[in-house]
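A.B. asks: Here is what each chain is made of, one letter per residue.
Number of protein chains: 2
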Amino acid sequence: MNKQVIIPKAIVTVNNKNEILYNHVLVIEDGIISSIKPEEHFDINSFEGLVHEHRDLILIPGFVQTHIHLCQTLFRGLADDLELLDWLQMKIFPYENAHDINSLSASVRLGIAELQLGGATTILDMGTINHQDVIFNELIDSKMRAIAGKCLVDINDLYPEFKESTRDSIDTCNELAEEFHNKTSKIKYGFAPRFVLSCSEELLRESYEMSKNFHGSLYHTHSSENKSEIDAVRKLHGAENIEYFDRIGVLGDTTILAHCIHVNDMERVKLKKSDTRVAHCPSANLKLASGIANIPGYLKEGISVSLGADGPPCNNNLDMFTEMRLASLIQKPIHGPGIMDALTMLRLATIEGAKALHLDSETGSIEIGKKADLVLLDLMKAGNPILMSDAEIYSSIVYSSGIHNVDHVMIEGEWIVRNSESLLFDTKELLATAEGELTKLINRV
Amino acid sequence: MNKQVIIPKAIVTVNNKNEILYNHVLVIEDGIISSIKPEEHFDINSFEGLVHEHRDLILIPGFVQTHIHLCQTLFRGLADDLELLDWLQMKIFPYENAHDINSLSASVRLGIAELQLGGATTILDMGTINHQDVIFNELIDSKMRAIAGKCLVDINDLYPEFKESTRDSIDTCNELAEEFHNKTSKIKYGFAPRFVLSCSEELLRESYEMSKNFHGSLYHTHSSENKSEIDAVRKLHGAENIEYFDRIGVLGDTTILAHCIHVNDMERVKLKKSDTRVAHCPSANLKLASGIANIPGYLKEGISVSLGADGPPCNNNLDMFTEMRLASLIQKPIHGPGIMDALTMLRLATIEGAKALHLDSETGSIEIGKKADLVLLDLMKAGNPILMSDAEIYSSIVYSSGIHNVDHVMIEGEWIVRNSESLLFDTKELLATAEGELTKLINRV
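Line by line, the protein sequences give chains A and B. FYI, in the working numbering the residues of the first sequence are 1 to 445. FYI, in the working numbering the residues of the second sequence are 1 to 445.
These aren't lab readings, by the way, just hints derived from the structure by calculation. Certain hints may be false.
Identical copies carry no separate label here, and so any pair may be met within one copy or between two of them.
[Unchecked claim] In silico DSSO-like links for lysine-lysine, alpha-carbon gap of 27 Å or less:
(1) Lys-227 x Lys-440
(2) Lys-91 x Lys-183
(3) Lys-37 x Lys-183
(4) Lys-235 x Lys-428
(5) Lys-17 x Lys-272
(6) Lys-9 x Lys-440
On a predicted model such as this, the values are computed, not experimentally measured, just so you know.
Generate coordinates for the entire structure from the input sequences, incorporating the hints supplied.
C.D. replies: Structure below.
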């Protein structure tokens, strides 16, 4: 049995009671948190395992990012200052379509490295049409906890080259789900029709039904992001996005909708009733000029909300700190200064993400029996000389920290980041490879 | 003569033509940029001086932060989730009032270290009522380019202990200006009445007139930040903030108003006509739930806008990257995705700040004859494998970078940050001192 213990300054559990435990140690056995106890009840000398003393650092659960596009990492900075439909048509669809297995691999690896260095230990990724197996294999190699799936597109008026037939889409999707769902204990399949405008009703329905054959899988799409998109959906289907999803029967507690910015009252009721989950991506929502989702409204009604960085070309980062702080700040002028406080934000970034993905029995908080998906933060680097109260710790994490505060990251008991360096990737090599692959990709476009 | 040369990957000049120079070297003589020339015209072997080869790094001008409260650094995380007047009454005024020279020194040093590590080389600071000399002495020791001044308060209904008589206020202010204005080539005095609600008309007028006796000084106050504040000003003076400032004759090209969120059309005309400058602090404006200033409107009319992090208790950071990105993103849902593009933001953060402070002959851009106030950024750390175009470099700096991308910082030819470490401060020691001083300060409150 592999035994190790972490001795931090404090353990931010994000459990039901939001306990922060001081002077406690956390014992891990074979990747599982086996006990959390006061240091005075722990005998360091008789402990048979690795001891990690980090008495200046704060232990938090790994972040759960519920909307990511790893295939887009290479396109960061190449698609600024556009609205959604132009952005897709002029940049993202052509670029995604130009991926070969090498460029896709480079993009995914660069994205995973950045996510892990930023403390993310679980992601829900929307893949791309081609070479989805590359994404799965990179996720497996990277030890990430992930739900991912091929992007389904059988209609594409914006960029007609980037689609496939309904039948091909469904067949490939089914093969990939057969191959990769539960391929390792950390990998699951997420069925991923892109959005209403790029999918036939048949594709949306069939992929949803297929998802029901794979226990633990999800249904992951975009919804209600941009006014022009919504107008087009209304023209096509005589309904708002969520109304339409409801009509064709794809809402439910395994459905995750990214964005949900422009949502009417009736749609909000449908979200709540069906227990459909909202993945909130504030950076992307602002950068694409889409708008500000009424997240406090969702939370008040008990609708599941979690956070995602989306893709680097619409953010242009991948870290949860940026999303937590921004998601909090943008609501305050609208709803008052007390809304979306730091504790709420940390919960959305961890346990609420895990719940949204039905992974909360495994991850999202620091509790006995869960997987050791953990991050050690140096809050001194955020200029916080004293952390006198729980509130100050939450404040420091959410309002003052960034990727540079992440010292160490562990997934299921295995260190993947030590001293802010990836143990899995040579980041210089990743960038050099990415540079070569991006140059070739742009020549292919 | 002290000669040195920097050989970066690219020089982002932020000059009038927004030139980015590749394969160029920058020569510095006695702290002044003496030449910028193609590397092929530079003979490294015959150069008699220090050669700094940073061929992977991007050279940009140091950031100019035009609204900072160094005295508040210690209070980070202790005043979250409040609106302006509550925040002042319950937290900030009592804390500022409890400063002694040791706690103030600790606060200022911690703030300066953080600013410099984040690439700021020039600041406009609003001081506090007591012990302003401590702030000046720390600024001088830290080699910062700074305009600073004692905070003037002769009315305080929120926290009556924190004020002084009009006469004391004016007299001390005059003494300080006599002592510190141009005390070194980098230090100037900035007259700093706090805001309308805390100043008698006499104090506002007299300090403005006094500022005219000190060539190169500024007049720095807050304006139009919060709706309750504005209501109170209207009740008191029958006017909006800027209307009132105009009536008493304190607008002008040496006046800098922080915030300017709730400003009507007539006030905007007055800002423009008087060439008064706006210091925009987006993080603080959101965090205190104050609102979003119409910055694109100001820019369209040619009103001077620059950026500041304000104080750590309302941000809770001090870095320009956070402000540039946020200032850009929050306007896009309102004004469209092309507004406040990356180049515009970098200009506001550098040359526009220098112009606002009348320091643009010295700093704010990389041009021959200006002081060598410079920052070297590692944009690879922002995950940008290729920087194929000028637009991508601006994008990487504004949308993807943070304090962790700052490798080296120089003020007037003198390195103050090397390899992301302060050469002036032992940051661990600063934090330890800050911890002790904050504990004592809180006991004094």
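A.B. asks: Next, verify each hint and record whether it holds.
C.D. replies: Here's how the hints hold up against the structure:
Neither within a single protomer nor between protomers do Lys-227 and Lys-440 lie at most 27 Å apart by alpha-carbon distance, with minima of 35 Å and 54 Å respectively. For the homomeric pair Lys-91 and Lys-183, neither the shortest alpha-carbon distance inside one copy (33 Å) nor that between copies (54 Å) is at most 27 Å. In the homo-oligomer, the alpha carbons of Lys-37 and Lys-183 never lie at most 27 Å apart, since the shortest distance is 34 Å inside one protomer and 57 Å across protomers. With identical chains, the CA atoms of Lys-235 and Lys-428 are never at most 27 Å apart, being 48 Å at best within one copy and 61 Å at best between copies.
For the homomeric pair Lys-17 and Lys-272, the shortest alpha-carbon distance inside one copy (24 Å) is at most 27 Å, but the shortest distance between copies (54 Å) is not. Taking the shortest alpha-carbon separations for Lys-9 and Lys-440, only the inter-copy value of 22 Å comes in at or below 27 Å, while the best intra-copy value is 48 Å.
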